[in-house]
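Participant: Listed below, chain by chain, are the residues.
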Amino acid sequence: MRKISKLMVCVLIITSLAFFTGCSSDTSVDNNSDVAIDEVNKEEVPVIQAITTEELQEKLEDNDWIVVDTRINDAYIGWELEGAVRGGHIKGAVDFSANWLRMEVEDRDNLLQDVLKTKGITSDKNVVLYDANGEDVSIVAEYLVQQGIENIYRYDVKEWAMDEELPMESYPNHHLVVPASWISELIENGNNGKPYKIFEVSWGDVSEDYLNGHIPGAVHINTDDVEEGPIWNRLSDSELEEFAKNYGITVDATVVLYGSDSTPAFRVATILKYMGVEDVRVLNGGFVAWENGGYETETEEREKQPVEAFGATVPVNKNYIVDLPQAKEILADQESSKLVDIRSWEEYIGTTSGYSYIEGKGRPAGAVWGHDLNNYRNIDNTMKNAAEIKSMWNEWGISSDQRLSFFCGTGWRAAEVLVYAEVMGLENISLFDGGWNEWQDDASNPIELGESN
Amino acid sequence: MNNYFHILERMVNTMKKNLASIVINTMFWLIQMAILGGVIILEDLAGKKMGVLRHVIRRENIYASTYFTPGLMRIYIGILVVLGIFSLLLSVYSIDKRKNKVIKRWSITTAVVNLGALIYIVYMNSQDLKAYHYFLIVTFAIVGIHYIRLLIGITTLKNPSSCSK
Chain A
45 MRKISKLMVC VLIITSLAFF TGCSSDTSVD NNSDVAIDEV NKEEVPVIQA
95 ITTEELQEKL EDNDWIVVDT RINDAYIGWE LEGAVRGGHI KGAVDFSANW
145 LRMEVEDRDN LLQDVLKTKG ITSDKNVVLY DANGEDVSIV AEYLVQQGIE
195 NIYRYDVKEW AMDEELPMES YPNHHLVVPA SWISELIENG NNGKPYKIFE
245 VSWGDVSEDY LNGHIPGAVH INTDDVEEGP IWNRLSDSEL EEFAKNYGIT
295 VDATVVLYGS DSTPAFRVAT ILKYMGVEDV RVLNGGFVAW ENGGYETETE
345 EREKQPVEAF GATVPVNKNY IVDLPQAKEI LADQESSKLV DIRSWEEYIG
395 TTSGYSYIEG KGRPAGAVWG HDLNNYRNID NTMKNAAEIK SMWNEWGISS
445 DQRLSFFCGT GWRAAEVLVY AEVMGLENIS LFDGGWNEWQ DDASNPIELG
495 ESN
Chain B
35 MNNYFHILER MVNTMKKNLA SIVINTMFWL IQMAILGGVI ILEDLAGKKM
85 GVLRHVIRRE NIYASTYFTP GLMRIYIGIL VVLGIFSLLL SVYSIDKRKN
135 KVIKRWSITT AVVNLGALIY IVYMNSQDLK AYHYFLIVTF AIVGIHYIRL
185 LIGITTLKNP SSCSK
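From first to last, the protein sequence lines are chains A and B.
Residue 421 in this note's numbering is what sits at position 377 of the first sequence, and the numbering runs on without skipping anything.
Residue 199 in this note's numbering is what sits at position 165 of the second sequence, and the numbering runs on without skipping anything.
Worth flagging that the hints you see were computed from the coordinates, not collected in a lab.
A quick note: this is a predicted structure, and the numbers were derived from the prediction, not measured.
Idealized CB from N, CA, C, for every residue including glycine.
Incorrect hints may have been included.
As the list claims (entries may be wrong) - With a straight-line Cα cutoff of 25 Å, these simulated BS3-like cross-link-like pairs (lysine-lysine) come out:
1. B:K83 <-> A:K405
2. A:K202 <-> A:K238
3. A:K428 <-> A:K161
4. A:K348 <-> B:K135
5. A:K434 <-> A:K163
6. A:K405 <-> A:K163
7. B:K82 <-> A:K348
8. A:K135 <-> A:K348
What the hints assert, rightly or not - Cβ-Cβ distance ranges computed for the label pairs, FRET-style:
9. B:M61 <-> A:W389: 24 to 32 Å
10. A:R130 <-> B:D78: 52 to 60 Å
11. A:P490 <-> B:G178: 41 to 49 Å
12. B:D78 <-> A:E342: 52 to 60 Å
13. A:D367 <-> B:N95: 44 to 52 Å
14. A:S435 <-> B:A175: 35 to 43 Å
15. A:G410 <-> B:A175: 41 to 49 Å
16. B:K82 <-> A:N233: 20 to 28 Å
As the list claims (entries may be wrong) - Covered stretches of chain A, as calculated for chain B (at least 3 residues, CB under 8 Å):
17. 201 to 214
18. 363 to 376
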């Protein structure tokens, strides 16, 4: 018995030694690998100096310096995010979001280099990068160093936002395009008891994209439920009211729209605003913004929940969408109004109609080119900087104080630009619903081809 | 010996004619299947691709106001009725008079296809199919192909044993 006890004690001691030895050797391996990772990070992340608020104030007026907002686009346009007590960007700052560097798009490097040039972020400048989470600056700084930009400084915008005296700029109606986090909170707090609806918008029946995962509670809207061929104008007012009732949309409900491609969502948003829905929002950057934010999705197909009444007589905002006669009025008054073409340059000059189902080529005589939709979007499909949009417009004599009506082929691309114009605070704006499709359908409507005079 | 050689020669000739007949018939059916298959694919794509649907709707509107106006549709139905009666009479006549087997078969299939086309036109409308007018065009094309074949048969196949297909 004593022998067995001794043997047991020996085995216990040996086992314990082996266990602790094993643990200590594991720890040393982990420590070593941590050190190795740190070293790699030190090599990849450039060392950048911090700048104080006072120094930044001085540098804002200096042409040798450029201040860059590296947060997501929503923060730049006006949303209070990541602990900043005020939304928007430091007045005079340009945007170069760290999010753009996460996007996997074709020809990304060339696109980003063009963006750097457009925004004046060049190697001869001192560049102040700011964020609110301590991460975005590092990501952008690393990219800028790769591009040969060395004089980089970091700043925490939360400090700036704390001081009410320091100027920050927000787009007047930034609430129309929302960040994914806002939708997440909306779902979480149930819109504080007020009615709300979330819709995934795309053409056709429920798509694979929707079934693979969508925002929880989102119902699919088929764009054919709000427009009809062959011109693809919106449905009649009474039909639109029926559509709203069928989908459970009331005039006082908060309606959030999104899609894998945002354009159909903007198309429906425009029609809902025309109808009179008071609170219409579109997810900035589309469904990718929701996915990249790491928010929950569901695959269950949600059914429409019809209501008895819409709550208003359609249309409440009649002038938000105009038709052929009004488009002609706008063209007749070139001094104070513009019919703005949101199609590609090739469509504008008439080398292509842009559609297999539109035969006519060219543009309504007198229409100005407002650039294609791609020029209104950042690389992550969020809304482009308003200053850059206005600069594009200036080239074509389009100004914010004019009456502007946007059109494209059938009213999708132009709808997105219309909402962006509203985000920017423009008031006398509308969508020419029929667009080029309706214009070219009547041979008596004057058409121009080639470059504009 | 000479007799055997003659029989062999006749057999080879018959096989050659049969082969030609098989090839012609296969091509005839392949053409029909191809145009019918094409329009079925178009109908399917119109339900899946927005651009295709819009293209189809555009063309449907053009066709409805040009080649397939209600007046023209009545004329087309009238033509099909007349041709249908003709092909039915021909079928009955060729069965009754023990005419060429091929003409007999072709006149019957033509009558059936003609009748099918009539039923399609009378009972289907643009609400039932997205590519309704495309189907109409294909229907008329198939009916036309059958009548062309029948016409070729009547004018060329005089010997009742010349072709077994």
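Participant: Indicate, hint by hint, whether the structure satisfies it.
Facilitator: How the hints compare with the structure:
no. : hint                          : in the structure
1   : B:K83 <-> A:K405              : holds, 23 Å
2   : A:K202 <-> A:K238             : violated, 31 Å
3   : A:K428 <-> A:K161             : holds, 15 Å
4   : A:K348 <-> B:K135             : violated, 61 Å
5   : A:K434 <-> A:K163             : holds, 14 Å
6   : A:K405 <-> A:K163             : violated, 34 Å
7   : B:K82 <-> A:K348              : holds, 22 Å
8   : A:K135 <-> A:K348             : violated, 44 Å
9   : B:M61 <-> A:W389: 24 to 32 Å  : violated, 48 Å
10  : A:R130 <-> B:D78: 52 to 60 Å  : holds, 54 Å
11  : A:P490 <-> B:G178: 41 to 49 Å : holds, 43 Å
12  : B:D78 <-> A:E342: 52 to 60 Å  : violated, 29 Å
13  : A:D367 <-> B:N95: 44 to 52 Å  : violated, 19 Å
14  : A:S435 <-> B:A175: 35 to 43 Å : violated, 56 Å
15  : A:G410 <-> B:A175: 41 to 49 Å : holds, 45 Å
16  : B:K82 <-> A:N233: 20 to 28 Å  : violated, 39 Å
17  : 201 to 214                    : violated (count 0)
18  : 363 to 376                    : violated (count 0)
When held up to the earlier numbered hints, the structure conflicts with 2, 4, 6, 8, 9, 12, 13, 14, 16, 17, 18 and fits the remainder.
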